[in-house]
Amino acid sequence: MEKETNMLEIKNLTKTYGDKKAVDDITINIEPGEIYGFIGHNGAGKTTTLKACTGILGFDSGEITINGTSIKDDPLSCKKQFAYIPDNPDLYDFMTGIKYLNFIADIFGVSSDDRMSRIHEYADRFEIEKDLGQPIATYSHGMKQKLAIIAAWIHEPKLIIMDEPFVGLDPKSAFIVKEMMREVCDNGGAIFFSTHVLEVAEKICDKVAIIKQGKLIRSGTMEEVKGDESLEDVFLELEAE
Amino acid sequence: MLKLLVKKQLMEIFKAYFYDAKKNKGRSKVKIIIMFLLFIVLMVGIMGGIFGYVADQLCKPLVMVDMKWFYFALMGLLSLLLGVFGSVFNTYAGLYLSKDNDQLLSLPIPEKYIIISRLIAVYCMALLYSASVFVPAIVVYFMTVPFDGLALFGSILMMILISMISMVMSCLLGWLVAKISLKVKNKSFITVVVTLVLIAAYYYVYFKVINSMQEFLKNVAIYGTSIKKNVYGLYMFGMVGSGDIKAMLLCTTIVALASILTWYILKQSFISMATTSGSVKKVEYKEKRTKEASVTSALLRKEFQKFTSSANYMLNCGLGIIVFPIIIVTMLIKGTDFSKAIAGAFTGKTGLIQLIIFVVLCLTMSMINTGAPSVSLEGKSIWILQSLPVSPWTVLKQKMKVELLLIAVPLTATIPVLLFYFQTKNIGLLIGFVLATYSFMMFRVLWDMFWGVKLANINWTNETAPVKQGAAALISVFSGMGISAAAILIFVVVGNEAMSVEDYFYAIIGILIFLNILLYIWLRRRGAEAFARL
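Protein chains in written order, with this note's numbering: chain A, 1 to 241; chain B, 242 to 775.
Rather than coming from a laboratory, the hints here were simulated on the basis of the structure. Among the hints, erroneous ones may be present.
List of simulated lysine-lysine pairs, DSSO-like, C-alpha gap at most 27 Å [what the hints assert, rightly or not]:
hint: 1; chain 1: A; residue 1: Lys144; chain 2: B; residue 2: Lys621
hint: 2; chain 1: A; residue 1: Lys72; chain 2: B; residue 2: Lys695
hint: 3; chain 1: B; residue 1: Lys621; chain 2: A; residue 2: Lys21
hint: 4; chain 1: A; residue 1: Lys144; chain 2: B; residue 2: Lys340
hint: 5; chain 1: B; residue 1: Lys621; chain 2: A; residue 2: Lys99
hint: 6; chain 1: A; residue 1: Lys99; chain 2: B; residue 2: Lys529
hint: 7; chain 1: A; residue 1: Lys99; chain 2: B; residue 2: Lys642
hint: 8; chain 1: B; residue 1: Lys523; chain 2: A; residue 2: Lys130
hint: 9; chain 1: A; residue 1: Lys144; chain 2: B; residue 2: Lys523
hint: 10; chain 1: B; residue 1: Lys527; chain 2: A; residue 2: Lys130
hint: 11; chain 1: B; residue 1: Lys547; chain 2: A; residue 2: Lys99
hint: 12; chain 1: A; residue 1: Lys80; chain 2: B; residue 2: Lys642
Now the in silico label distances, taken between C-beta atoms and shown as ranges [to be verified]:
hint: 13; chain 1: B; residue 1: Val282; chain 2: A; residue 2: Ala240; range: 52 to 60 Å
hint: 14; chain 1: B; residue 1: Leu346; chain 2: A; residue 2: Arg218; range: 38 to 46 Å
hint: 15; chain 1: B; residue 1: Leu279; chain 2: A; residue 2: Gly109; range: 41 to 49 Å
hint: 16; chain 1: A; residue 1: Leu236; chain 2: B; residue 2: Leu346; range: 36 to 44 Å
hint: 17; chain 1: A; residue 1: Asp73; chain 2: B; residue 2: Arg765; range: 17 to 25 Å
hint: 18; chain 1: B; residue 1: Lys424; chain 2: A; residue 2: Arg218; range: 56 to 64 Å
hint: 19; chain 1: B; residue 1: Lys527; chain 2: A; residue 2: Glu179; range: 21 to 29 Å
hint: 20; chain 1: A; residue 1: Ala240; chain 2: B; residue 2: Lys340; range: 33 to 41 Å
hint: 21; chain 1: A; residue 1: Asn88; chain 2: B; residue 2: Lys424; range: 26 to 34 Å
hint: 22; chain 1: B; residue 1: Leu278; chain 2: A; residue 2: Glu63; range: 42 to 50 Å
hint: 23; chain 1: A; residue 1: Leu76; chain 2: B; residue 2: Leu279; range: 31 to 39 Å
hint: 24; chain 1: B; residue 1: Leu278; chain 2: A; residue 2: Ser61; range: 34 to 42 Å
Just so it is clear, CB atoms sit at the ideal spot from N, CA and C, and this is done for glycine as well.
Excised from the complex, chain A in its bound form (with noise of 0.2 Å):
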């Protein structure tokens, strides 16, 4: 039987920054149906590691591959595939919310009626529907963070890279993301995201990385990296290592 393409291939991933080395020789792979959760105090390498899957980042070594195809060889046609949601999404302020979504759906080449279905979907769960004619300046922090997760959804890509999605989110918003995220992976898709909520992360992820200082220090399922102990206990153990 023929084995199925991951994802998300990151192979011995190291990035440098002069004499830095903020990823170390990391290796991941994300598989259709899976969230995997990205765990890591500040400044250990989530970011970058995250930056360089989207081919925002250039990177030393090592390989990024997204289903299949190279970022570094083909970046456009792996960028077709994915979404990306930066960890402060600053977004057009010059733009009305709608005018946003409308951009973001004519680069991926969505039609009207679908856009039009999806807009309408999840503007309505998150409901800022009725906002989306507002210029994004006069957004709240919590909003353009829902706006940025719509239009990461509007063309349905098949993996979504997000970074510290739930920061300035309400708890229902926080709760219809995890939902969409589940969605997401039960339509064969995949999600790689970074988190610093351990909670969320041991709910909701299937399999789970912990990076410190650069160096991939554990990964796997979440029971084979927490075992019988939560997943705060194992993180707190493992950095203070």
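Chain A is fixed; fit chain B onto it per the hints.
Here is chain B on its own, set in the frame of chain A:
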């Protein structure tokens, strides 16, 4: 604390000189020196050369008839014209619209320090522009007359006073625009209109003064001893430069009083203006079907939305758009008179008139430079374009297309009008003129984008930094003026004897096409790569 704030403001202006965004690290000392040397060459070499030439033409004849004050008054007014131009369009945004307003106001920093640090940034821009006229004027003056310590002090003081006047006028206008924009809904366009109306009023008065000076010059014999009575203000203004103590005291006092008044007005209203967003109409979204657009259309639309959403961007990088219609209207009204007057003045060589028109069009095109700050203006939202499935080259092309369209449309409407009034039967000359004009248009677009990518700075807290004060924007503006003026100076100095205007046009076309190809190749390869790694 004030020192820190001023340092922050100045670092924002000169960041590209110290920091390489592409490599994400500071530049080496050698590179910093080279960058500053290039800037000095641009300022001293090109701008200094142009205004030095103007000063040289005026100085000797006026000094000989003992009208030093008139020389300083003329150069002072020219300096003031440029000083106000350099600072006026960005003062509103520079003073009130910084992204770090909330952060600074929440820190234990006296409010006056925040205002002073921003005023210093406005002053620096005014000084930069006005000094580019007045420093050559001083140099030429002391090359013409024997050295006089008091006159040197007076001329330096005059330069400082001119930049202070520029700052005061810019600040008062910025304050007025801020007041009005708080009460209106369509802020960007209203701000643009209000600013332009006020600027038009300023330049109307300015040119009235220039006219009265010309009138005075024509009738200097009649005016005789009554000079002081007729143009006393200007007389005193000019006398500062020649080292007259009474004039220095009087003008310094007036400028100081105006500065204090401006300070008082700004201080009274700073917090309320910097923290109020003004009237915002709540628009409730009604679901409706949207027509799909191609990737390039979506990107182009986004660039136009960015341009039209910012009064600061429109005023500083799109001023030429309104100059073209002004040329058309002026020609339609006074075209016959103009063509007769210019034809009478330039009878020496065939095609000289077309060369002058070419330079006027080049200068006007140089007032549209949306491409230069467009990369920096992506700011912290650059991750969007970098993570979307669009090639960096496609993004750069759409940015250039905005500038191309903004120039090409009014330019194409202006050329036939100009050619109608300045007719020539020489077809070769005509084709040369048209091709040279469009080659320059392409050059401007590619040149602006080259600097926009090369000196990109996406970490700014005030939009004024990339739009007006940033290295890319400054180089774009000054090089545009410099290259345009050089086109005619080179012909006058070198080409006049050696070749016809027609041949000169074809030489220009050749050089521009060559440069355009080089810039295109660089942007397509290295420029796109640099954009992707910002």
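Checked hints:
{"no.": "1", "hint": "Lys144(A) / Lys621(B)", "in the structure": "14 Å, holds"}
{"no.": "2", "hint": "Lys72(A) / Lys695(B)", "in the structure": "23 Å, holds"}
{"no.": "3", "hint": "Lys621(B) / Lys21(A)", "in the structure": "24 Å, holds"}
{"no.": "4", "hint": "Lys144(A) / Lys340(B)", "in the structure": "17 Å, holds"}
{"no.": "5", "hint": "Lys621(B) / Lys99(A)", "in the structure": "19 Å, holds"}
{"no.": "6", "hint": "Lys99(A) / Lys529(B)", "in the structure": "12 Å, holds"}
{"no.": "7", "hint": "Lys99(A) / Lys642(B)", "in the structure": "21 Å, holds"}
{"no.": "8", "hint": "Lys523(B) / Lys130(A)", "in the structure": "10 Å, holds"}
{"no.": "9", "hint": "Lys144(A) / Lys523(B)", "in the structure": "17 Å, holds"}
{"no.": "10", "hint": "Lys527(B) / Lys130(A)", "in the structure": "7 Å, holds"}
{"no.": "11", "hint": "Lys547(B) / Lys99(A)", "in the structure": "12 Å, holds"}
{"no.": "12", "hint": "Lys80(A) / Lys642(B)", "in the structure": "25 Å, holds"}
{"no.": "13", "hint": "Val282(B) / Ala240(A): 52 to 60 Å", "in the structure": "58 Å, holds"}
{"no.": "14", "hint": "Leu346(B) / Arg218(A): 38 to 46 Å", "in the structure": "45 Å, holds"}
{"no.": "15", "hint": "Leu279(B) / Gly109(A): 41 to 49 Å", "in the structure": "43 Å, holds"}
{"no.": "16", "hint": "Leu236(A) / Leu346(B): 36 to 44 Å", "in the structure": "39 Å, holds"}
{"no.": "17", "hint": "Asp73(A) / Arg765(B): 17 to 25 Å", "in the structure": "19 Å, holds"}
{"no.": "18", "hint": "Lys424(B) / Arg218(A): 56 to 64 Å", "in the structure": "60 Å, holds"}
{"no.": "19", "hint": "Lys527(B) / Glu179(A): 21 to 29 Å", "in the structure": "27 Å, holds"}
{"no.": "20", "hint": "Ala240(A) / Lys340(B): 33 to 41 Å", "in the structure": "39 Å, holds"}
{"no.": "21", "hint": "Asn88(A) / Lys424(B): 26 to 34 Å", "in the structure": "33 Å, holds"}
{"no.": "22", "hint": "Leu278(B) / Glu63(A): 42 to 50 Å", "in the structure": "43 Å, holds"}
{"no.": "23", "hint": "Leu76(A) / Leu279(B): 31 to 39 Å", "in the structure": "36 Å, holds"}
{"no.": "24", "hint": "Leu278(B) / Ser61(A): 34 to 42 Å", "in the structure": "38 Å, holds"}
When the structure is compared with the earlier hints, no violation turns up for any of them.
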